[in-house]
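K.L.:
Here's the letter readout for the chains.
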Amino acid sequence: MRLTKILTGLAIASGLILGGATAEAQKSDVTLRVASYGGVFTEAHKKFVADLYTERTGVKVEFIDASPKTHLAKMIAAKGREAPFDLVYLDEDVEVEAVDAGVVMKLDPKLIPNLAFVYPEVRNKDGFGPGVLFASIAIAYNTEKFKAAGIPEPTSWADLWNPKLAGHVSIPSIDNVMGRTFIVAAAKLAGGDESSLAKGIDKIAEIKAHSYYISSTDLQGKIESGDVWAAPWINGRAWNMAIRGTPLRFVMPKEGGYADFGTLDVVAGSKHPAEAMGYINFLLEPLPQLALAYELTYGPTIHTLAPLLKNYPDLARMFPSSPEDLDRLNKIDWHKFSPQYPKLLQDWNRKIASK
Amino acid sequence: MALKRAWGFLLLPALAVLAAAFLMPLANLGMKSLHLFAGPGREQPGLTLENYIAFLEDPFNWGLLGWTSLLGLLVVGISLVLGLPVAYFLARTKTRWRPVLFLLVIAPMLVSVVIRNLGWIPILSESGVVNSLLIALGLVSQPLKLFNNLAGVVIGLVHAFLPFLILTLATVIQRIDPQIEEASINLGAGPFETFCRVVLPLTRPGLIAGSLIVFTLAVSAYTTPAVMGGGRVLVMSTYVQQQIGTLLDYATGATVAIVLLVWGAFLSILALRFSKAEA
Amino acid sequence: MAEVELRRVSKAYGATEVVRDLSLEIKDGEFLTLLGASGSGKTTCLRMVAGFVIPDSGQVMLGGRDATRLPAWRRNTGMVFQSYALFPHLSVAENVAYGLTVRRTPKPEIAARVAEVLRLVRLEEFKDRKPAQLSGGQKQRVALARAVAIRPEVLLLDEPLSALDLKLRGELQAEIRRIQQTLGITTLFVTHDQGEALGISDRVAVMREGKILQVDTPVALYQRPASSYVANFVGTTNFIDGIVLDQNGPFRIGHARDQTQVFTAIAGENGPSFAKGEPCLLCIRPENVRLGAMHPNRIEAKVIHVTYGGQHWVADCDRADGGIMTLNLPAQSGIPKPGEVVTLSWAAEHGVLLKIEDRSHGA
Ligand SMILES: Nc1ncnc2c1ncn2[C@@H]1O[C@H](COP(=O)(O)OP(=O)(O)O)[C@@H](O)[C@H]1O
Ligand SMILES: [Mg+2]
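Protein chains in written order, with numbering that gives the first Met the number 0: chain A, 0 to 354; chain G, 0 to 278; chain C, 0 to 362.
Worth flagging that the hints you see were computed from the coordinates, not collected in a lab. Virtual Cβ for every residue (Gly too), placed ideally from N, Cα, C. No incorrect hints appear here.
With a straight-line Cα cutoff of 25 Å, these simulated SDA-like cross-link-like pairs (lysine to any residue) come out:
hint: 1; chain 1: C; residue 1: Lys-126; chain 2: G; residue 2: Leu-199
hint: 2; chain 1: A; residue 1: Lys-78; chain 2: G; residue 2: Asn-27
hint: 3; chain 1: A; residue 1: Lys-78; chain 2: G; residue 2: Ala-37
hint: 4; chain 1: A; residue 1: Lys-354; chain 2: G; residue 2: Trp-262
hint: 5; chain 1: G; residue 1: Lys-275; chain 2: C; residue 2: Ser-90
hint: 6; chain 1: A; residue 1: Lys-207; chain 2: G; residue 2: Leu-117
hint: 7; chain 1: A; residue 1: Lys-350; chain 2: G; residue 2: Phe-59
The following label-pair restraints were derived from C-beta to C-beta distances:
hint: 8; chain 1: A; residue 1: Ala-197; chain 2: G; residue 2: Phe-101; range: 51 to 57 Å
hint: 9; chain 1: A; residue 1: Ala-241; chain 2: G; residue 2: Ser-267; range: 47 to 53 Å
hint: 10; chain 1: A; residue 1: Arg-80; chain 2: G; residue 2: Leu-35; range: 21 to 27 Å
hint: 11; chain 1: A; residue 1: Lys-78; chain 2: G; residue 2: Val-261; range: 30 to 36 Å
hint: 12; chain 1: G; residue 1: Leu-271; chain 2: A; residue 2: Lys-59; range: 52 to 58 Å
hint: 13; chain 1: G; residue 1: Val-261; chain 2: A; residue 2: Thr-216; range: 31 to 37 Å
hint: 14; chain 1: A; residue 1: His-334; chain 2: G; residue 2: Arg-272; range: 52 to 58 Å
hint: 15; chain 1: A; residue 1: Ser-195; chain 2: G; residue 2: Ala-53; range: 21 to 27 Å
Take these sequences, add in the hints, and give me the full structure.
P.N.:
Next comes the structure, spelled out in structure tokens:
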């Protein structure tokens with residue numbers, strides 16, 4: 000908790016100093032509309048990114064909350080007309096669809112000098128929005144339930160198929176990015192990869208699952224009820240639950256966890272591309288990156304913070320925080336995944352969702 | 000006749016609003032179902048019935064429709080069994096707590112669907128209230144799976160829509176002269192027989208209307224099947240939501256929605272016909 | 000058929016005692032009417048017999064057996080409701096058959112019985128109609144047929160005629176009586192209409208505030224009311240406040256104001272005893288008052304108005320003591336003019352003597 004105070008202090012100080020220094024810029028009457036996930040995600044971004052950015056530049060920021068798919072739908076619907084927002088937070092795989100649909104624009108690196116500090120793997124190869132949050136997907140399990148049932152700590156994705164866990168594993172639904180990631184993990188386990196994903200669905204169908212969860216909030220309830228003992232999950236939410244006292248551990252299987260990047264793009268047709276890119280640049284500064292990592296337990300995507308975070312092992316273990324972490328995580332080629340998605344959904348509906 | 004025409008004019012604004020609020024989205028949906036999917040959020044030009052043909056050609060979809068109807072019927076059936084006695088009691092009780100009882104009945108309607116479904120977790124989970132009770136009473140040895148499956152969806156939907164049925168039935172029962180029931184009892188029919196021979200037939204319009212309301216709500220609900228079904232209860236409505244929400248495939252989504260709408264309308268007309276024929 | 004008896008029954012709702020320690024016997028085949036103002040507890044008594052009200056204390060006897068705790072549907076009583084309470088979803092025939100159907104009576108027997116009862120109420124040709132297609136009088140006849148179809152031990156009718164217009168009421172009253180006599184069925188009839196009660200019953204029980212004041216044949220009730228309440232409730236009555244001067248032989252009564260004015264009278268049925276000098280109430284029916292001094296009991300009065308009442312004239316006159324005297328004059332007789340001072344008289348046996356305690360009879 001100590002760090003919160005330091006961060007808040009730093010934030011206020013930087014706001015004051017920078018704000019004072021750029022009094023002129025404050026006359027801007029631009030308002031950026033930012034499409035976000037909502038909940039704590041939006042709260043943290045408001046506090047540690049948007050408000051500070053407003054103080055520095057005078058550009059006001061407004062958040063519109065919904066799921067990435069909903070944002071995508073809106074952008075596609077408005078294509079060719081006025082953009083519904085200027086900036087949009089997306090999941091990595093949805094960004095691929097957004098690029099395909101032509102609703103986000105290439106960034107101007109000159110306006111975003113901080114891109115230079117972003118891990119090269121996380122920069123978009125085609126020049127679209129970079130990853131701004133770094134999460135990992137691995138296995139969360141309830142240590143007490145495992146001990147009581149005499150099941151050893153999971154060390155492999157394959158351990159989720161353990162018959163002793165029958166009826167107590169919740170699998171992320173294909174409707175969310177965790178579920179799509181887990182299909183890749185399962186396909187690899189079955190000897191396939193991103194180009195043979197049907198294998199993943201067949202493999203998942205073999206799990207005697209408790210349920211197929213639709214969101215992290217949904218899974219949280221299922222774990223709290225005691226019915227679910229293990230699940231593929233995302234680091235931030237799992238650690239959050241563990242910190243609040245649930246006997247939960249988040250472990251990397253030997254095949255490696257999966258990297259999951261939250262991206263931030265400028266919407267094609269935005270009237271304020273320069274201010275929007277300024278926002279991205281600001282988000283990639285160390286202070287917001289560190290604050291968000293602390294608040295949301297998602298890792299920074301700039302490498303400059305790695306040496307600092309080494310000094311905070313308690314914090315750093317909760318999210319990918321170094322180039323080594325990044326190397327250890329599997330990365331998914333969503334360009335291969337996306338075209339198969341409709342067919343996969345059919346498969347999922349037949350083999351899993353209606354059983 | 001002249002008077003009727005005058006009334007017709009007065010109804011014009013209402014009809015216009017109805018058309019705007021109801022028919023236009025419907026027409027929009029209908030149009031979407033006549034185009035082919037061309038990637039997320041996009042459609043091909045040119046009208047076609049391909050989507051309907053594709054839907055009807057796939058036995059999986061028929062299964063989906065059957066499964067959805069079965070879910071609706073289950074919810075209606077259970078709601079009737081639970082709702083009739085409650086509605087009867089509410090309609091006939093003279094207690095001064097009546098307003099409070101009515102409030103209790105409609106309480107689920109006042110709670111958001113997400114909260115309502117979350118509330119079931121500590122009750123229906125394997126170590127939840129119901130299972131603990133059943134095990135303590137020695138009625139079962141293994142906890143029953145009461146949600147994250149069809150049972151959970153049925154429980155969630157019954158809970159959500161029972162108030163509509165109870166209110167509909169209570170209103171109708173309230174209009175039945177209690178002396179008619181006394182006449183039946185006086186003629187030698189016990190309370191249960193009186194209920195079956197007199198109250199039920201006289202409640203028929205309420206039963207039909209209430210059942211149709213619950214059926215329609217049940218087959219079109221998607222949050223509760225998604226949350227309470229644990230991802231393994233795919234019905235028409237969740238299918239629509241999936242096609243539109245994650246694939247951005249409006250064409251397929253609209254097609255499925257229209258099929259569900261037509262099917263629902265067909266069943267409603269059938270039910271109304273049936274009730275008229277009997278009356 | 001059977002006799003019915005209420006034995007010292009009481010019923011209270013909250014703090015209100017609706018029936019108080021009431022006893023009543025209806026003989027086998029008798030037509031007994033409960034007559035009383037609205038709220039006097041008539042319906043409650045009737046519903047005790049039917050089993051819809053359980054008395055707080057006392058017993059309900061049906062055919063000699065204690066039926067106090069017997070559920071209503073096991074009692075075999077036939078009830079006719081004021082609102083008819085026909086089953087709207089059933090035809091006339093099905094309504095009438097209802098009690099037999101729930102008794103699992105064989106079909107042919109039901110059909111025969113329904114036909115017979117419908118004939119009795121003269122509704123054979125209406126058997127396939129629904130209640131909504133019937134007039135009020137027809138509905139009530141169906142209700143009656145339905146009640147008697149089960150051959151009940153007792154027929155219970157709660158103000159069955161009050162929803163009907165005057166003419167129909169008379170017709171149906173006769174009809175009910177005819178059917179009751181035909182079947183010889185024990186009948187408890189409830190009404191607040193004294194004319195109805197007198198016209199239809201073997202005996203009438205007058206109720207007031209949960210108690211029965213008097214049970215008697217219509218004639219006795221009319222001619223020998225036991226209290227001023229009954230006298231006032233049943234028919235029209237003239238009252239004169241008096242003081243008992245002499246109770247040997249026929250009573251001699253002095254006018255309360257002017258004791259030189261003396262009347263002779265008899266006491267009511269099972270009449271109370273009076274002490275000499277006790278204040279009392281003298282009660283004379285209008286049809287027993289004559290214009291002119293042909294009888295020994297006389298009083299002077301000034302005519303207020305005379306109205307035509309069909310069979311006779313009705314004259315209201317102001318008495319010197321402030322009271323009003325009403326009398327009936329034969330239709331063909333001459334009538335006095337308003338303002339005219341006349342002498343009115345009546346025979347001693349037409350003066351009924353009542354206790355004074357009870358004068359809260361309004362009117
Ligand atoms: N169920 C009841 N609850 C409370 N009070 C009642 C009830 N039934 C009757 N009463 C009261 O008892 C009194 C007598 O009622 P009732 O027997 O219906 O009289 P009647 O038929 O002579 O008009 C009335 O004052 C009535 O308000
Ligand atoms: Mg009454």
